[in-house]
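Residue numbers (numbering that gives the first Met the number 0), protein chains in the order written: chain E, 0 to 457; chain R, 0 to 193.
Please note that the accuracy of each hint is not assured.
To be verified - Derived lysine to any residue pairs resembling SDA-like cross-links, with alpha carbons at most 25 angstroms apart:
1. 73/R <-> 178/E
2. 86/E <-> 92/R
3. 50/R <-> 19/E
4. 277/E <-> 90/R
5. 442/E <-> 408/E
6. 32/E <-> 17/R
7. 277/E <-> 11/R
8. 75/E <-> 13/R
9. 277/E <-> 124/R
10. 156/E <-> 193/E
11. 5/R <-> 408/E
12. 156/E <-> 124/E
13. 139/R <-> 67/R
14. 277/E <-> 122/R
15. 50/R <-> 17/R
16. 32/E <-> 92/R
17. 245/E <-> 50/R
18. 11/R <-> 85/E
19. 302/E <-> 139/R
20. 343/E <-> 13/R
21. 155/E <-> 123/R
22. 11/R <-> 296/E
23. 75/E <-> 175/R
24. 343/E <-> 386/E
25. 245/E <-> 67/R
What the hints assert, rightly or not - Calculated from the model, a selection of chain E residues having no Cβ within reach of chain R, i.e. all distances over 12 angstroms:
26. 28
27. 45
28. 98
29. 120
30. 132
31. 272
32. 283
33. 288
34. 315
35. 377
36. 389
37. 407
38. 415
39. 445
Keep in mind that the hints were calculated from the coordinates and are not lab data. In this text, a Cβ means the ideal position worked out from N, Cα and C, and glycines have one as well.
Here is how the chains run, residue by residue.
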Amino acid sequence: MKVADHAERAKVFNEDEKRVDWHDETLWFVRHKRDLATHGIPEWEELREAGSQIKNHTLSNLNQYLQDFEKNALAKGTVIHWASDAKEHNEIVLELLKKHQITEMVKSKSMLTEECHLNPFLEANGIEVIDSDLGERIVQLAGEAPSHIVLPCIHKKKEEIGELFHIHLGTPKGNADPQLLTEAARQSLRNTFLTRRAALTGVNFAVAETGEFVVCTNEGNADMGAHLADIHIASMGIEKIIPQRKHLGVFLRLLTRSATGQPITTYSSHFAGPAAGKELHIILVDNGRTRQLARPDFRNSLKCIRCSACFNTCPVYRRSGGHSYDSVIAGPIGSILAPNWDMKKNADLPFASTLCGSCTNVCPVKIDIHEQLYKWRQVIVKEGFVDPKKAIAMQVMAKTLASPTLYRIAGKAARTTLKYAPFMVNNKFNAWYLQRDMPEVPKSSFGEWYSKNRTNND
Amino acid sequence: MTSREKILNAVKDSQPDLLPLPDLSLFYPNNDSVEENLKNFISIAERIGAKVYQVQNHSEIMTHLKEDLDLEGKRIVSAELDAIVDEYTGTDNHDLADVELMILPVHFGVAENGACWLDDELYQERLLPFIPQHLAFIIKKENIVATMHQAYELIADKSYGFGAFIAGPSKTADIEQSLVLGAHGPRSLRVFVV
């Protein structure tokens with residue numbers, strides 16, 4: 000069990016009510032943009048179904064597709080590495096850098112390297128890593144983790160970013176103009192791109208048929224890094240494979256509309272082999288993915304294309320912030336991925352949901368997210384990783400609901416308390432009352448009303 | 000056992016029984032006319048921050064560019080139009096850092112998202128569309144397809160080392176969701192439809 004659980008950490012975020020409101024409204028606005036974009040595609044539901052089925056098919060034939068991908072990539076001169084876990088992945092990166100006597104690397108967005116904690120590992124080994132996505136650069140300068148997989152610093156106000164840039168990039172104190180701050184980052188990172196010999200990028204999709212992979216960015220940072228460096232390392236989870244190039248048509252239509260409501264990212268770059276005189280390496284990473292693949296109830300979480308639509312629509316995420324999940328990937332999808340990595344540490348996450356199902360409804364590849372959240376709860380309770388307070392409360396509740404006598408007594412007691420001694424429950428010891436009013440007391444229960452009125456109506 | 004064998008074996012043991020690929024025929028073909036595609040392309044490209052001009056010839060392109068941008072004393076590079084501006088022939092792409100304007104032909108455009116496809120059949124140097132301050136694309140009017148499905152039909156069997164869809168100028172909204180054009184790549188994109 001974590002020292003603090005999701006609810007405790009959400010409390011910290013909720014101390015600043017104005018910020019919570021801003022966070023909530025901003026992400027809802029992004030969700031709204033997603034709706035506008037998807038409503039512009041009459042065949043949207045068919046596209047989601049196609050995306051879902053392509054991913055289902057791929058997972059059912061992944062062994063073959065991984066080998067096809069490897070064979071076709073090797074034929075184009077790409078070097079393929081396999082990593083069973085985070086440690087092996089990180090060591091492969093370090094070895095490649097050491098071999099070329101490189102001590103500085105530029106990186107574009109890769110949630111996998113966050114998952115592997117690559118940056119601290121490389122830094123401990125004397126390698127300087129600079130994140131080049133603007134949002135990631137901001138959280139890196141702040142010494143924080145991204146709070147959202149597409150909008151890494153959505154938890155930060157521009158004034159805080161202005162202060163960070165004043166300290167690290169020398170922008171004028173007190174200036175929080177997004178245009179000026181972005182320009183400062185552009186100048187600073189341009190110099191980084193031009194001087195780094197190694198670049199690491201993530202992978203959005205990898206095509207088995209051709210051995211190529213696609214990287215999607217709006218900023219152009221993956222391309223600036225990769226094309227200027229001598230060596231390009233691309234890290235990908237084994238679930239990023241899709242069978243054929245034409246399937247990219249389906250996924251590129253789905254991805255950005257679901258993410259930010261754009262029709263496509265500015266850059267969708269297809270790397271099918273190294274440029275003349277340069278090296279291209281791909282690291283295929285398992286790190287628990289085969290374990291998830293073996294769980295029939297949870298395997299289809301591996302279909303995720305990391306669009307973040309489920310974050311933006313989630314009432315819990317919007318009001319608790321990404322850091323409250325204390326997991327590399329937050330939000331609803333993170334809450335079904337994280338228990339696979341570490342069930343004990345992340346036992347609280349499947350409970351950080353109202354099970355409203357909005358995540359499932361917006362998911363472009365039709366992952367049954369809220370159903371998996373519910374299933375994880377059952378697994379976690381069975382494994383004994385649930386908060387003891389909750390376990391006892393649930394046992395009491397189960398006994399009460401199972402016995403008509405106990406149920407009637409409890410109902411009566413609650414109504415009497417609320418009527419004659421409301422201070423007994425309307426106080427700060429009742430966690431439920433903190434953000435809510437207790438319900439108005441009915442004169443009688445339905446059961447009492449029914450037994451009184453039944454004879455009159457017969 | 001190597002990690003490769005370990006992973007492949009674990010995948011084999013864990014993957015479910017084979018499921019079929021879906022039928023995608025619903026998404027093909029698309030009968031939108033050249034005019035329809037052009038109209039949609041212009042409308043979407045401008046919505047995502049690009050500027051689109053319909054022109055008759057290359058000299059009109061240069062006229063527009065000189066009107067829009069202050070190019071006096073600035074470096075302009077191209078992969079065609081070699082009679083008007085320098086064609087890039089360098090071997091170390093770092094020397095492209097000071098390019099103000101890059102003018103590039105593209106293979107085709109996509110109406111539904113305003114993107115243009117280009118790959119290394121046109122030019123070997125992959126950095127060309129990413130590093131200049133401003134970018135201009137030249138596209139033939141009849142080379143605009145309706146959707147990404149039609150786009151991938153055009154390159155289904157093509158062999159390239161690198162290719163990209165580029166839609167609009169480089170952008171970010173990472174600071175409080177305020178849209179800023181010109182993140183790391185070009186600050187502006189002009190598309191000239193010939």
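Evaluated hints:
1. Proximity of residue 73/R to residue 178/E is assessed by CA-CA distance (about 24 angstroms); at most 25 angstroms being required, the pair is judged to hold.
2. Pair hint residue 86/E plus residue 92/R does not hold up; C-alpha atoms about 34 angstroms apart against a cutoff of 25 angstroms.
3. A C-alpha spacing of about 37 angstroms is found between residue 50/R and residue 19/E, which places the hinted pair above 25 angstroms, so the restraint is violated.
4. Restraint check for residue 277/E and residue 90/R: satisfied, since their Cα atoms lie roughly 12 angstroms apart, inside the 25 angstroms limit.
5. For the suggested pair residue 442/E and residue 408/E, the alpha carbons sit about 15 angstroms apart, so the restraint of at most 25 angstroms is met.
6. For the proposed pair residue 32/E and residue 17/R, the alpha carbon gap of about 37 angstroms is over 25 angstroms, so the pair is violated.
7. Using a Cα cut-off of 25 angstroms, the hinted pair residue 277/E and residue 11/R is violated, with the two alpha carbons roughly 34 angstroms apart.
8. For the hint pairing residue 75/E with residue 13/R, the CA-to-CA distance comes to about 30 angstroms; that exceeds 25 angstroms, so the pair is violated.
9. The straight-line distance between the Cα atoms of residue 277/E and residue 124/R is roughly 12 angstroms, inside the 25 angstroms bound, and the hint therefore holds.
10. For the suggested pair residue 156/E and residue 193/E, the alpha carbons sit about 30 angstroms apart, so the restraint of at most 25 angstroms is broken.
11. Taken as a hint, the residue 5/R and residue 408/E pair is broken in the structure, with Cα atoms around 59 angstroms apart against an allowance of 25 angstroms.
12. A C-alpha spacing of about 33 angstroms is found between residue 156/E and residue 124/E, which places the hinted pair above 25 angstroms, so the restraint is violated.
13. Straight-line distance between C-alpha atoms of residue 139/R and residue 67/R comes to about 22 angstroms, which keeps the hinted pair within the 25 angstroms bound.
14. For the hint pairing residue 277/E with residue 122/R, the CA-to-CA distance comes to about 17 angstroms; that is within 25 angstroms, so the pair holds.
15. Only pairs whose Cα atoms come within 25 angstroms are accepted, and residue 50/R paired with residue 17/R is rejected, the gap being roughly 47 angstroms.
16. Of the supplied pair hints, the one linking residue 32/E and residue 92/R is violated, its CA atoms being roughly 38 angstroms apart against a limit of 25 angstroms.
17. Straight-line distance between C-alpha atoms of residue 245/E and residue 50/R comes to about 29 angstroms, which puts the hinted pair past the 25 angstroms bound.
18. Proximity of residue 11/R to residue 85/E is assessed by CA-CA distance (about 21 angstroms); at most 25 angstroms being required, the pair is judged to hold.
19. With a C-alpha separation of about 38 angstroms, the suggested pairing of residue 302/E with residue 139/R is violated against the 25 angstroms cut-off.
20. Taking the CA atoms of residue 343/E and residue 13/R, the gap is near 23 angstroms; set against the 25 angstroms cutoff, the hint holds.
21. The hinted pair formed by residue 155/E and residue 123/R fails the criterion: a straight-line CA distance of about 41 angstroms is larger than 25 angstroms.
22. Distance restraint check for residue 11/R and residue 296/E: the Cα-Cα separation of roughly 18 angstroms lies within the 25 angstroms cut-off, and the hinted pair is therefore satisfied.
23. Restraint check: the Cα-Cα separation between residue 75/E and residue 175/R comes to about 41 angstroms, which exceeds 25 angstroms; the hinted pair is violated.
24. Of the pairs offered as hints, the one joining residue 343/E and residue 386/E holds, with about 11 angstroms between alpha carbons and a cut-off of 25 angstroms not exceeded.
25. With a C-alpha separation of about 38 angstroms, the suggested pair residue 245/E and residue 67/R falls outside the 25 angstroms cut-off, and the hint is violated.
26. Residue placement check: residue 28/E does not keep its beta carbon more than 12 angstroms from all beta carbons of chain R (closest about 7 angstroms).
27. The Cβ of residue 45/E sits about 6 angstroms from the closest Cβ of chain R, inside the 12 angstroms cut-off, so the non-interface label is violated.
28. At the 12 angstroms boundary, the C-beta of residue 98/E stays outside the reach of chain R, the nearest C-beta of that chain being 19 angstroms off.
29. Taking the minimum C-beta to C-beta distance to chain R, about 17 angstroms, the non-interface status of residue 120/E holds against the 12 angstroms cut.
30. A beta-carbon of chain R is positioned within 12 angstroms of the beta-carbon of residue 132/E; the least distance is around 7 angstroms.
31. Once the 12 angstroms rule is applied to beta carbons, residue 272/E is inconsistent with being away from chain R; the minimum gap is 4 angstroms.
32. Once the 12 angstroms rule is applied to beta carbons, residue 283/E is inconsistent with being away from chain R; the minimum gap is 7 angstroms.
33. Separation of residue 288/E from chain R is inadequate, the least Cβ-Cβ distance of about 9 angstroms not exceeding the 12 angstroms criterion.
34. Residue placement check: residue 315/E keeps its beta carbon more than 12 angstroms from all beta carbons of chain R (closest about 20 angstroms).
35. With a minimum CB-CB distance of about 21 angstroms to chain R, residue 377/E clears the 12 angstroms threshold, and the non-interface call stands.
36. For residue 389/E, the requirement that its beta carbon stay farther than 12 angstroms from each beta carbon of chain R is met, with the minimum near 32 angstroms.
37. For residue 407/E, the non-interface assignment is confirmed: its Cβ lies about 48 angstroms from the closest Cβ of chain R, beyond the 12 angstroms cut-off.
38. Chain R leaves residue 415/E outside its interface by the beta-carbon criterion, the shortest separation being 50 angstroms against a cut-off of 12 angstroms.
39. Distance to chain R confirms residue 445/E as a non-interface residue, since its nearest Cβ pair spans about 46 angstroms, more than 12 angstroms.
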